[in-house]
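In terms of this note's numbering, the sequence shown opens at residue 61 and continues consecutively.
By construction, these hints were calculated from the structure, which means they are not laboratory data.
The hints are all genuine.
Computed cross-link-like contacts, DMTMM-like style, restricted to lysine to aspartate or glutamate with a CA-CA straight-line distance of at most 20 Å:
#1 LYS200 x ASP240
#2 LYS91 x GLU121
#3 LYS91 x ASP136
#4 LYS477 x ASP448
#5 LYS91 x ASP144
#6 LYS434 x ASP383
#7 LYS235 x ASP197
#8 LYS358 x ASP335
#9 LYS85 x ASP502
#10 LYS358 x GLU313
#11 LYS85 x ASP136
#12 LYS358 x ASP331
#13 LYS200 x ASP238
#14 LYS91 x GLU520
#15 LYS334 x ASP379
#16 LYS334 x ASP409
#17 LYS358 x GLU319
#18 LYS434 x GLU480
#19 LYS437 x ASP498
#20 LYS434 x ASP532
#21 LYS434 x ASP498
#22 LYS200 x GLU233
#23 LYS85 x ASP107
#24 LYS460 x GLU520
#25 LYS334 x ASP383
#26 LYS477 x GLU433
#27 LYS477 x ASP383
#28 LYS437 x GLU480
#29 LYS235 x GLU520
Restraint-style ranges between C-beta atoms, simulated for each label pair:
#30 GLU281 x LYS460: 53 to 63 Å
#31 ASP107 x GLU313: 38 to 48 Å
#32 ALA338 x VAL256: 21 to 31 Å
#33 GLU281 x LEU449: 43 to 53 Å
#34 MET478 x GLY537: 17 to 27 Å
#35 SER455 x LEU190: 46 to 56 Å
#36 ASN453 x VAL193: 41 to 51 Å
Even for Gly, the Cβ is constructed at its ideal location relative to N, Cα and C.
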Amino acid sequence: MGSYKLQFILCLSALLFTCCDHSLKWETVIKASGTYSSPRAIDLNGDGIKDIVLGAGGRREWESSENGVLAFNGRDGSILWKKDCRNQLVGSPIFHDITGDDIPDVFIGGRSAQFMALNGATGQLIWEYLPTVEGFDFSKDTTILNFFSPQFVSDQDQDETPDLIVSYGGYVEAKPSDYDRPTGYLMIFSTRTGEVLTRVSMPDTKETYISPVVWMRDNQEHVLFGTGGETIAGNLYVTAIEDLMDGNIDQYEILVRGEYKGFIAPPVLVDINKDQNADIIVNAYEGMVYALDGQSLKPVWAVNLGLEYESHSQPAIGDFTGDPTPDLFVNYGMGAWPNITGAVQVIIDGHSGVSSVIDSVGYLQYASPIAVEKNDKVPGKILMPINDLTPTNYSIESGKPPYAYQNILYLFDPRTKMKEVVYSNPGTNTGSTLLIDDLNNDGSTELIYVYNLNPFDAFEHNGFVISCETMDYNTRGWNQYM
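When you get a sec, could you build the whole thing from the sequences and use the hints?
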């Protein structure tokens with residue numbers, strides 16, 4: 061357990077958090093490490109309380125670490141086990157028992173072609189895509205890309221186990237001005253053995269960063285995927301899973317074309333036209349938000365924030381206007397990556413597509429917002445971590461940083477356009493979406509929050525904090541990243 065204590069704003073803590081005999085509250089510090097992964101919950105020790113699994117890594121990119129994947133006891137935050145890594149594991153884990161011990165096993169990916177299955181009870185390696193080779197320079201090989209967050213698909217190799225689909229792409233040594241980049245891929249793995257069942261290149265041969273989203277359409281399993289990035293145009297696609305299994309993508313449809321930039325944040329699926337079918341909502345990197353009808357795949361509406369806004373994060377889905385149609389909250393950075401100079405927070409009416417700016421706080425942020433409600437009261441509110449810059453008052457002559465990051469978890473109220481501080485700590489949360497889950501199955505939800513401790517650099521780390529606290533708010537199902 062750590063000595064770093066979250067700085068609560070007492071008046072809001074009384075409103076957001078609950079204190080009772082069955083409530084959970086803990087905090088753990090992991091030293092000499094950092095994380096961009098989003099936490100997930102699953103019971104790994106059989107005590108009836110969900111535990112927390114999180115990808116992590118060393119102090120910086122390319123650094124190996126004993127803290128590649130960590131499993132935290134949901135009861136008290138103690139470490140159940142950890143697995144080493146050769147580079148940061150940035151994906152979020154998913155779970156399925158393949159060892160037959162009734163404990164779900166862990167599947168997670170990250171940088172330097174790391175994709176692995178871990179024993180959920182012990183953290184021991186079951187299989188991995190590419191083992192570490194001593195002396196091999198992973199940073200210079202353009203075939204060594206990154207795995208993002210996997211999803212399950214139906215059993216493709218007839219072993220009575222759902223299999224894994226994951227995107228593989230993003231050459232991190234590429235400069236923003238490098239437009240000739242390695243092609244990205246969709247890959248399907250056997251969940252039991254780690255065998256690659258298919259590997260297909262992007263239809264436009266461009267890079268990919270977006271985690272795939274599996275979607276049932278017309279009683280057939282489909283996948284939503286995308287191409288392009290911060291400086292390269294790309295498209296949002298859909299195809300049937302069976303279209304991938306011959307090693308080619310032949311029957312795809314282009315849903316949205318990016319004119320200047322690509323698609324990084326995965327789409328979300330939600331019914332906004334009340335036809336009992338999930339529709340597609342996606343943040344494009346070039347300042348656009350699109351809603352597509354899930355049956356016809358035609359546009360429902362589009363919101364243009366402008367090319368000067370960019371987003372790595374998914375929308376939050378909630379009731380922010382009081383009508384029966386789900387609404388959206390989006391966060392977009394202002395500037396051109398990697399020079400993000402501000403941010404804007406926007407509410408979008410899910411029925412009409414009418415947008416309203418409710419705030420403009422923070423800077424670069426990969427993490428996604430989460431919508432919450434208290435006792436089903438609407439309109440709902442939004443929890444989102446913001447990275448703010450505060451002056452340090454150091455002189456230029458001192459050589460010390462003129463600004464420091466303050467990581468602030470805000471509770472936004474779309475009705476009043478006001479916000480309240482939940483946590484405020486020196487440091488950053490650049491990529492870890494909140495997790496809101498009922499860990500001990502008592503009817504109350506817990507908030508799992510992660511932030512990195514270094515206040516002077518968002519990409520150089522000296523440790524991170526993960527905390528859990530029982531709260532008085534709940535969600536409508538969108539309680540975590542993806």
